[in-house]
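Engineer: From just these sequences and the hints, can you work out the full model?
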Amino acid sequence: MLANTLLFALASTGTDPVALPSPVRAEGELAIRAAVVHVGDGKRIADGTVLVRAGRIAAVGAGIAVPDGAAVIEHDGHLSAGLIAMRDYSGSAGEGADSTRPVLPAAELAYAYDPEHPDFERLARAGITSVVIAPPFSAPPVQMPELPEGFFFPGFSFETPSAPLVGGSTALVKVGSGRLVQRRAQLHLSFSESALGQDAAPTSYPGALALLDELFANPSGALADAKSGRLAVVLYAGSNQEVQRAVAFAQRHGLKGAIAGAPRAGELAKAIQAAGLGVICAPFSPGIETRALRAVAELAEAGVPFGFALDAPERDPESLRLGAAACVREGLDPDVAWAALTSSAASLLGAAAEIGSVAAGRQADLVLWSGPPLDLGSTPVAVYVDGQKIHGGAQ
Amino acid sequence: MHLALPRLSAGVLAAAALAWASPELLARGTRAHANGAQEAPEGGALFVRAAKVIVRPGEVLADAGIIVQDGVIVAVGAGLERPAGAREIAGEVVCAGFLDPWSTLGLDRGALRDERTSPASPTADALDLYGDDHLRLDAARAGVTSARLQAGEKSSVGGLGVVVRNAPDLERERALVVEDAGVAASVGLSVGQSRGRGPSVKDVFDRVKDVEKLGDLIEAGRKYHEDWVEYGYEIAEWEKAIAEKEAELEKDFKKAQKAREKEVEDAKEKGKEHKEKKYKEDKRPKKPKLDEDKEVMARVARGELPLLVEVHRAAEIRHLLELTAHFDQLRLVLCGATEALPLAEELAERDVAVIVWPSPLGTDRADHLRKHDLALAGRLAAAGVGVLLGSGGESAATRDLPLLAGLAIGHGLDREAAFAALTEGAARALDVADRLGTLERGKDADLLVLDGEPLVSTTRVRYAVVAGEVVVTPDN
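Sequences listed follow chains A and B, in order. If you count the first sequence from 1, position 310 lands on 310 in the working numbering, and the numbers rise without skipping. If you count the second sequence from 1, position 66 lands on 1066 in the working numbering, and the numbers rise without skipping.
Just so you know, these hints were derived from the structure itself, not from any lab. Small disclaimer: the values here were computed from a predicted structure and weren't measured. Ideal placement from N, C-alpha and C gives every residue a C-beta, glycine not left out. Among the hints, a few may not be true.
Quick list of simulated restraints, FRET-style, between CB atoms [stated by the list, open to error]:
no. : chain 1 : residue 1 : chain 2 : residue 2 : range
1   : A       : Ala71     : B       : Gly1303   : 44 to 50 Å
2   : A       : Lys43     : B       : Gly1452   : 16 to 22 Å
3   : A       : Gly63     : B       : Thr1473   : 41 to 47 Å
Among chain A residues calculated to face chain B with C-beta under 8 Å, some are [what the hints assert, rightly or not]:
no. : residue
4   : Ala71
5   : Ile73
6   : Pro286
7   : Thr290
8   : Ala312
9   : Glu314
10  : Glu318
11  : Ser319
12  : Ala325
13  : Arg329
14  : Asp375
15  : Gly377
Structural biologist: Below is the structure:
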């Protein structure tokens, strides 16, 4: 395809091949005054002002001076950092895995997505400003009290493994511009049944683990980066049994990163915490078992950092906040829930200095809400990414 | 159960007798609530106190209390005192428990997918009041204290739905609020499933047939009712005629007897067979055949039971509206109604309520849900349509209804309208408004004690009272 060739050519020149050309940035500064500013660490500023300059937050506070010439926006509502989805397929559905090669440590999901895809607009409307593009996982059936009829798993087949064992590096991407924040955010490893095939290796859990151990015995490239701690890992596991294997593997090889997938991973919170890992919580659907929601509160109690996966476009982007609200209902502290959507998620990606909170120096990814952000009755009135408005009305 | 014939309603007699016998039941009928402590009985079972009591949408009492006894609210008002011996629970806000008008929570699993249901199929017989207790408790903890359940939920004709309370360990009599909450039907839903492929779309001709079949059913019900009414008149006439004729014959009895004896003898002499004189009154009017399904549909056609139809596509909604236009007593409620917006004006005019399912759906959705949009509830309400909110018939999702309501609010539905939809609105549509939906004297004690405004996603339910019993406390 011509597009791919072009991308490849650009890649070799070292420039960022996948972002849209940035529109000319407006000269000058932007000052947004909001009734409540959520800084992100649980702190809230009443009648706060956020100053934005050159795509970054220059200052935050109550009653800070607005420079002459700055555009001023008055918002009678709440302001917060943009939401971060820890796993998503927007603009990349179907393109994330090479089904014939289960081990591809050099693969980069940065090549799998189309920044102009309409999926991204739906993300913006839900207040989501950054997403992690990951390889597919084709989770085996989750224990739900009642599965809807004909529940369909994309890419699921009985013959070849439907998810790669080593899928490559995930990419942290900005909604709106499609700008790559991190070209290689995490190395994706799968410990799930969906990485096992019938006729193609690996075909069994021991086989898969033996292969992974071998790869990490003499690692190179991305694997070496993971082993040395330069690159975080995502350990995808569908069931709690698989989570235990993944945690043990991480400890064996000194890997740092997060467990993803298992809805009740929180029940193993202590072991996960002891291994120094975080968790990427499974996305929410109405009717999901209460145990899974309570397990998230258990993670918080054990001090395990966590974020939420979204898996759009198969799921509506509103599911991200909906899931957090459901966890709050089942006992999760609202401030911890909010952090999981923003600052904690950023920390898991090693990007806490860049995104996830409203503080000086961070990239200006802001959402202006009509009310308290954790209330589903509130809606994003305007969304800014890197200081540019990507969604919103008259303002 | 026989059709109540129009002349004399046994029901009316029975109701009168019952009301006469039990003053407590009389009290149930009263709507006014006390504005003082005067009628609070001693030793009331439960006293609920809150900074804000939402009696009904738009009617709020500050620093008020509610006294509950034997499962019923006996007093509501500001300045009430806790009766001696009563347990007290308190919180920020008290409101009526939520009613999910589109749920399957607590139904036997087989009944859910039953496609051979007919209008008289009683969902009451398909209840599994002992299994799934944890799901019921989850729903109560989220504030949904009752639900309308439907066997054969996705089949083209469902059955008699029920309204049931969500509390674990509740005996059948107290759990079942009403055994005939309405008849359900569906039009144009995708059928069956093949493993790994998802449901297949019902072809358009079958979908048209769905609507027509429904129209035929209602017509059959209406005709059945007419036949029985007519029979009622005919029987009355006939009995009157018989009586008259008998009286007439009584008068000239001897003469007629002599005349008959003479005829018999004449016939004997002539060797002919004597034919008895036939009176036209001998012919008794023919009784229509009893049919339980048609009986139920007759109640639907008369507007006694609502008809809840799950339908999504605009063309099918329009067809359904056309087909039912001449049944002017029919109470139609649409479930889902994904593409109803272009028909909003007609729906508002004809007082057709819509139960919206404000669930977030991704790209992997059934064909009839192609245009599913979270903004539907708000837009229909703005156009004057009566909007209700339901969890779409996925049993465990009843628990998440308040969050889904939050989503609908975020996408344009007025907050007060959403609250009304989950309480008074749903109760009215399902004919249980005399027992549920608002906090008034005489109504059942299904209520929530919250730590904040209802339907704000971060508000938690501290206590949930179902049928007068405290089912949820901060400890569970």
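Engineer: If a hint holds in the structure, say so; if it doesn't, say that too.
Structural biologist: Verification of the supplied hints:
1. A:Ala71 - B:Gly1303: 44 to 50 Å: violated, 59 Å
2. A:Lys43 - B:Gly1452: 16 to 22 Å: holds, 21 Å
3. A:Gly63 - B:Thr1473: 41 to 47 Å: Since the Cβ atoms of glycine 63 of chain A and threonine 1473 of chain B sit about 44 Å apart, the hinted range of 41 to 47 Å holds.
4. Ala71: Where the cut-off is 8 Å and the nearest Cβ of chain B is about 27 Å from alanine 71 of chain A, the hint is violated.
5. Ile73: violated, 21 Å
6. Pro286: holds, 4 Å
7. Thr290: It holds, given that the least Cβ distance between threonine 290 of chain A and chain B is near 5 Å, below 8 Å.
8. Ala312: Result: holds, 6 Å to nearest chain B Cβ.
9. Glu314: With a minimum Cβ separation of about 4 Å from chain B (threshold 8 Å), the hint on glutamate 314 of chain A holds.
10. Glu318: holds, 4 Å
11. Ser319: holds, 5 Å
12. Ala325: holds, 4 Å
13. Arg329: holds, 6 Å
14. Asp375: holds, 5 Å
15. Gly377: Hint on glycine 377 of chain A: holds, closest Cβ of chain B at ~4 Å, below 8 Å.
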